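Peer 1: Residues per chain are reported as follows:
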Amino acid sequence: MGPDADVELVARARAGDRAAFRMLFDRYNRRAFGVAFGVVKNQQDAADVVQEAFIKVHRHLDGFQGNSSFYTWLYRIVMNLSIDQLRRKKKVTEFDETVRKDDLADGATLPQGAHENPSKAIARKELTDQLHAALTELPEYHRAVIVLREVEGLSYEEMAKILKVPKGTIMSRLFHARRKMQERLVGYLDGDLKVTE
Amino acid sequence: MSIEHVQEDALNMHFDGELAPAEAASVERHLATCGECSKRLNSMQRLHEMITMSAAQVASEVDFDAMFGRVEQGTKVAPVPRLIERIGLWVTESLQHNPMRVWAPAGGLALAAAAAVIFVLRPSEPMAKRGVVPDEREPKREKMMVAENDPAPESNASEVVQVDFGSNTGTVFEIALADGASTPVVWINED
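Line by line, the protein sequences are chains S and B. Be aware that the first sequence starts at 159, since it is given in the working numbering, and climbs by one per residue. Be aware that the second sequence starts at 30, since it is given in the working numbering, and climbs by one per residue.
Quick caveat, the hints were computed from the structure, so don't treat them as lab data. One or more of the hints may lead you astray.
With a Cα cut of at most 27 Å, we get these calculated DSS-like pairs of lysine-lysine [what the hints assert, rightly or not]:
(1) B/68 / S/338
(2) S/338 / S/283
(3) S/247 / S/322
(4) S/319 / S/338
(5) S/214 / S/247
(6) S/214 / S/283
(7) S/283 / S/248
(8) S/278 / B/68
(9) S/322 / S/214
(10) S/283 / B/68
(11) S/338 / S/322
(12) B/105 / S/214
This one's a predicted model, so the numbers in the text were calculated from it and none came from an experiment.
Required output: the full structure, derived from the provided sequences and hints.
Peer 2: Written out as structure tokens, the structure reads:
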């Protein structure tokens with residue numbers, strides 16, 4: 159289903175159709191979560207962002223004009239809330255750092271670890287840690303473009319609309335972000351470490 | 030013979046599917062023969078897989094059904110009412126539980142409003158009736174009129190002279206100031 163179906167679901171949700179709103183939620187919650195997590199880098203914060211984003215969407219359904227696609231509208235809200243959340247978190251950096259380390263120590267980001275062989279689990283954990291560390295080192299405007307592109311597969315034009323910057327800026331940020339990630343993860347990108355299923 | 034590799038921008042755009050078909054075909058031809066550029070492209074693909082895999086893993090832990098329940102709860106919470114709505118609500122609740130909370134400030138407001146209306150609508154009075162000192166030009170004219178009707182006062186007594194202004198009568202006072210100077214004050218009778 160594409161943007162036309164979204165417009166219809168939005169119209170039904172606006173008229174109070176709960177099932178239509180649920181369909182919109184189901185269609186985009188994981189992608190929205192992927193974007194939020196890519197920016198805030200914390201599962202609970204990302205979940206809070208997505209929850210708040212859908213509440214905002216519901217409250218402002220009347221204001222959705224349909225000039226942009228529903229997901230462009232949603233991701234703009236998610237991105238803004240993620241950045242707000244990140245800035246609030248920066249005020250309590252030490253606390254946040256402790257929680258993040260605790261999360262990693264508990265294996266919270268590696269749910270499949272208990273069901274796969276130990277060596278693969280270790281490799282996956284190491285890879286996840288390195289990836290998160292590399293993402294963390296990026297400035298937030300680089301992280302935003304790489305998440306929107308790699309997780310969401312948005313075009314340069316769509317990213318430019320969501321982030322409200324020229325297409326050339328998107329390209330520049332994306333290419334720089336990729337290069338930094340590749341440099342940071344060079345040992346994991348040469349194909350020697352197989353962790354995908 | 031040196032090989033001209035695909036520029037970084039063009040390789041990124043090719044990977045993202047943003048090149049025009051003719052340019053994409055040209056890059057593809059080069060990649061078919063250049064191991065170095067193919068390796069760079071594979072590195073991009075690998076990074077993409079790592080990021081999507083990580084995102085999928087983390088998302089798989091989230092209970093989206095429970096989240097939707099919280100979203101629905103959030104949508105049922107009424108938005109913050111406007112000020113006028115909050116005042117209306119406060120008045121309604123107070124009238125039910127403690128009417129004096131409403132009538133006492135309301136009475137005060139009514140009295141203040143009545144006083145303001147009386148002040149604004151009161152009949153206009155001559156400036157001098159209210160004991161206002163005329164500006165510099167006016168006293169001179171009044172002084173001249175005094176001089177024409179009566180001689181100057183002999184002392185610092187406050188009442189100088191009764192004056193007939195034509196349609197009104199009044200009194201001109203000459204007030205002695207601390208530095209030895211004096212200033213006139215005109216009082217005009219109502220009739």
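Peer 1: Does each hint fit the structure? Answer for all of them.
Peer 2: Taking the hints in turn, this is what the structure says about them:
Straight-line distance between C-alpha atoms of residue 68 of chain B and residue 338 of chain S comes to about 17 Å, which keeps the hinted pair within the 27 Å bound. The suggested pairing of residue 338 of chain S with residue 283 of chain S holds, with an alpha-carbon distance near 21 Å, which does not exceed 27 Å. Of the pairs offered as hints, the one joining residue 247 of chain S and residue 322 of chain S holds, with about 24 Å between alpha carbons and a cut-off of 27 Å not exceeded. For the proposed pair residue 319 of chain S and residue 338 of chain S, the alpha carbon gap of about 24 Å is at most 27 Å, so the pair holds.
Of the supplied pair hints, the one linking residue 214 of chain S and residue 247 of chain S holds, its CA atoms being roughly 21 Å apart against a limit of 27 Å. Our distance criterion of 27 Å between C-alpha atoms is broken by residue 214 of chain S and residue 283 of chain S, whose separation comes to about 35 Å. Among the hinted pairs, residue 283 of chain S with residue 248 of chain S is consistent with the structure: their alpha-carbon atoms are about 25 Å apart, no more than 27 Å. Distance check on the hinted pair: residue 278 of chain S and residue 68 of chain B sit about 25 Å apart at the alpha-carbon level, within 27 Å; holds.
A threshold of 27 Å between alpha carbons decides the hint, and for residue 322 of chain S with residue 214 of chain S the separation of about 20 Å falls inside it, so the pair holds. The straight-line distance between the Cα atoms of residue 283 of chain S and residue 68 of chain B is roughly 25 Å, inside the 27 Å bound, and the hint therefore holds. Of the pairs offered as hints, the one joining residue 338 of chain S and residue 322 of chain S holds, with about 23 Å between alpha carbons and a cut-off of 27 Å not exceeded. A distance of roughly 12 Å separates the Cα atoms of residue 105 of chain B and residue 214 of chain S; the hinted pair therefore holds under the 27 Å criterion.
Of the hints listed earlier, the one the structure fails to meet is number 6.
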